[in-house]
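**Q** For reference, the chains in residue letters:
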Amino acid sequence: MAVLAQHRVTHSRAYRLRKLRGSIFFWFVLGLFIIFATFPVYWMFITTFKEVNDLYNLQNNPLLFHLPPTLDQVRYLFEQTNFAVWVQNTAEVGLTVVLITVLVCVPAAYVLARTRFPGSGSLGIGIFLTYLVPPTLLFLPLSQLVAGLGLVNSKWSLALVYPTFTIPFCTWLLMGFFKGVPREITEAARVDGCSRLGAMFRIVLPLSVPGILTICIFAFTLAMQEYVYALTFVSSSDEKMITLGVVTDLIRGDVFFWGSLMAGALIVSIPVAIVYNLFMDTFVRGITGGALK
Amino acid sequence: MAEIAQRRSIGLSATGGWIGHLLDSEKVFGYVLVAPAIAYIVLLVGYPVAIALWFTVSNSTVAHPISDFTGLRNLQAVLDDDIFRRALANTFIFTLASQALQMVLGTILAFILLRPFRGRPFARALIMLPFTIPVAIGAMAWTWMLNPTYSVINWMGVHAGLFTEGPNWLGEEYPAMISIILVNVWRNLPFTAIVLTAGISSVPQELIEAASLDGANWWVKWRKVMTPIIAPILYIALLFSLVFTFTDMTVVWLMTRGNPVGATHVIASYAFQTGVVAGALGRGATMSLFLFPVLLVGALVILRNLKARTLD
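In order, the protein sequences belong to chains A and B. Take any residue in the first sequence, count from 1 to its spot, add 691: that is its number in our numbering. Take any residue in the second sequence, count from 1 to its spot, add 9: that is its number in our numbering.
Please note that a few of the clues may not be correct.
As a list, the in silico BS3-like pairs of lysine-lysine whose alpha-carbon atoms are at most 30 Å apart [stated by the list, open to error]:
1. A:Lys870 x B:Lys36
2. B:Lys233 x A:Lys710
3. B:Lys230 x A:Lys710
Some chain B residues near chain A, calculated using beta-carbon distances under 8 Å [what the hints assert, rightly or not]:
4. Glu35
5. Pro45
6. Leu53
7. Ile117
8. Ala132
9. Ile136
10. Ile146
11. Gly147
12. Trp164
13. Val252
14. Ala280
15. Gly293
16. Ala308
No lab work stands behind these hints: they were computed from the structure. Just so it is clear, CB atoms sit at the ideal spot from N, CA and C, and this is done for glycine as well.
Please work from the sequences and hints to get the whole structure.
**A** So this is what it looks like as C-alpha cells:
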C-alpha cells in the first residue's frame, strides 16, 4: 500500500514536471509571437514620445527613455505640418466614400441576397471578383481617367475611385446580413399588400441597421488607409489624406522626421486597429466572401 | 397585425404610385437596384482595364496620352529590361517565401490561440495588430527599425552578440530582400492564423478523440484528420493572401523603392516607377499586365469554390 502510494507520488511529480515544462515552452513561444507582432508598435510609441536628443543619441539604449517623455513631436505634427488638413481631408473624402458605398451597395446587396432574377448569381460573383482587381493594375488607366475629369491632384479623385474596392467588399458583407433576415417576414408583408420596395424599406432595412453601420465603418477605414491610388493621384500636401500625408510629407529630401512621422503613424493606427479588432471576424468574412463561417 | 400591414400598404400605394407598381416585377426590381453597382464597376474598373490594354499596345506617355498603335514593341522593351526580369522573379520569390513562412508559423500560432489560457482575448488582440494597422504605416515603422544608422534591430543584435555591426538592411541586396519578406510575413501572419483557427475549430472534436484513442500522434492527427477537413477553407484564404501579396507594391515602394539598383523591385512597384514616376504609360501598363495571369487563375479557382458553395 505504502509502496503504491509512493509510486503514485513520483509518477505525478514527473507528470507535473512534464506539464510545467510544456507550459513554460507554450508561454515562451506565445511570447515570441507577441513580441514579433507588437514590437514595431512599441517602437512607434517610444519614438513618438522621445526627446530628439535622446532619439538620435547612439550611446543610449534605444528601448528606454533617457530623458523624460515629451509631447514635442506630437505638437510639431499638429503645428508645423499639414496634419490637421489631412485629418479634415480624410473626414471629407471618407464620408463621401461611405455615402456612395451605402447608396450603391444597399440596393444591390438587397436584391442579390433576396430575389432571384436571370443573371443574379453571376452578377453577384462578378461584383465579388472585382475585389481581386488590384490598384496596381488600375492606377495607370485611372490616372488618365482622373485627368480627363479635371481631378488631377485633387482629393475628390480618391472619393471617386475608392468605391471601386469598397463596393465589392461591402456588397458581399451586406448580402450576408440581408440573408440573415428570415424570408417569412417579408413574405408575410407582401401577402398583406406591401410592395417590394416597401418590404425593403420598412422591414428588412430597419432590421439590418447593424450591418449597414458595419459597412460604413469598413468603407471609411478602407478609404482612410489606402496608399497606392493616393500616391498616384495626389501630390500636393494640402490635398492629401492622412495615411499618405504621414508617410510622404514628413520626409524632406533625405531627412526623415522620425519622431513626428511615428506620432502620425500612431494616431492613424490606433483607431483603425481598434475597429478592425472589434470587427475582425466580419472583416475576414468580407475578404474571403464568406468562405469562413 | 394584418390590419396594420394593410393600412401601411394603403399609405404606400398612395405615395409610391406607379413606380412602386413597376418595381413589383421581380425582374425589374432586381435589375434597377443592382444597376448602380454594375454601372460603377463597369465605368471605373471595366473601362480602365480596357484603357490599360490599349496602353500596352501603344506609345502613350503622360505627356501624350493620345497615341499610336505600336503592336508588341512595349512587350519587347519590357522583356528586354533586366530590372523588369528581376522584378518578375522577385515577385514570385517574395510571394512564395512569405506564403511558406506564414503557413508554418500560422499553423503554430493557430494551435496556440486555440488553447484556452488566461488573457487569451488580449493576447489575440496583440497578435492581430500587424494586420489591423494600415500597410503603409507598418512598412514605415519597419523602415525606421531597419534604418542604416539607428536600426534598433542591429542594436539588439549587437548587444545579444549576434553580429558586431549588423547589415545595412535596406541598402544591401539580400538583407533588403529578407526585410521585405519579413514585413510581408509580419503583416499577413495574423490573417493566416485566423483562417487556420477557424478551420481547425470546425473539425469535429469526436474525430480527433477517436484518432487519439486509436493511438494517433499529433502529426498523424494533423495530417490525416484535420488537414483534409480544413483544406478547402485554407485553400481559399491562401489564395486571397497570395493575390494580395503578389499584387502589392506598398511594402517595396516605401521600404526600398526597388533599390539597391533595382534589385528589390516587384512587378507592381516597377510598373509604378515606369508608368507614374517616369510617365511611360505604355510600358508601365504592360508590366502591370504581368500580374494578370496569376489574378486570373486565382479568380477562376475562387469562382469555382463560390459556385460550389452557392449551389448547395
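**Q** Each of the hints needs a verdict: does it hold here or not?
**A** We went through each hint and held it up to the structure:
1. A:Lys870 x B:Lys36: Cα-Cα ~19 Å, so holds.
2. B:Lys233 x A:Lys710: holds, 26 Å
3. B:Lys230 x A:Lys710: holds, 21 Å
4. Glu35: For Glu35 (chain B), the interface hint holds, since the closest Cβ of chain A sits about 5 Å away, which is under 8 Å.
5. Pro45: holds, 5 Å
6. Leu53: At about 5 Å, which falls below the 8 Å cut-off, the nearest Cβ of chain A leaves the hint on Leu53 (chain B) intact, so it holds.
7. Ile117: With a closest approach of 7 Å, the Ile117 (chain B) hint holds.
8. Ala132: Result: holds, 6 Å to nearest chain A Cβ.
9. Ile136: It holds, given that the least Cβ distance between Ile136 (chain B) and chain A is near 5 Å, below 8 Å.
10. Ile146: holds, 5 Å
11. Gly147: holds, 6 Å
12. Trp164: holds, 5 Å
13. Val252: Result: holds, 6 Å to nearest chain A Cβ.
14. Ala280: Given a least distance of 6 Å, the restraint on Ala280 (chain B) holds.
15. Gly293: holds, 5 Å
16. Ala308: holds, 5 Å
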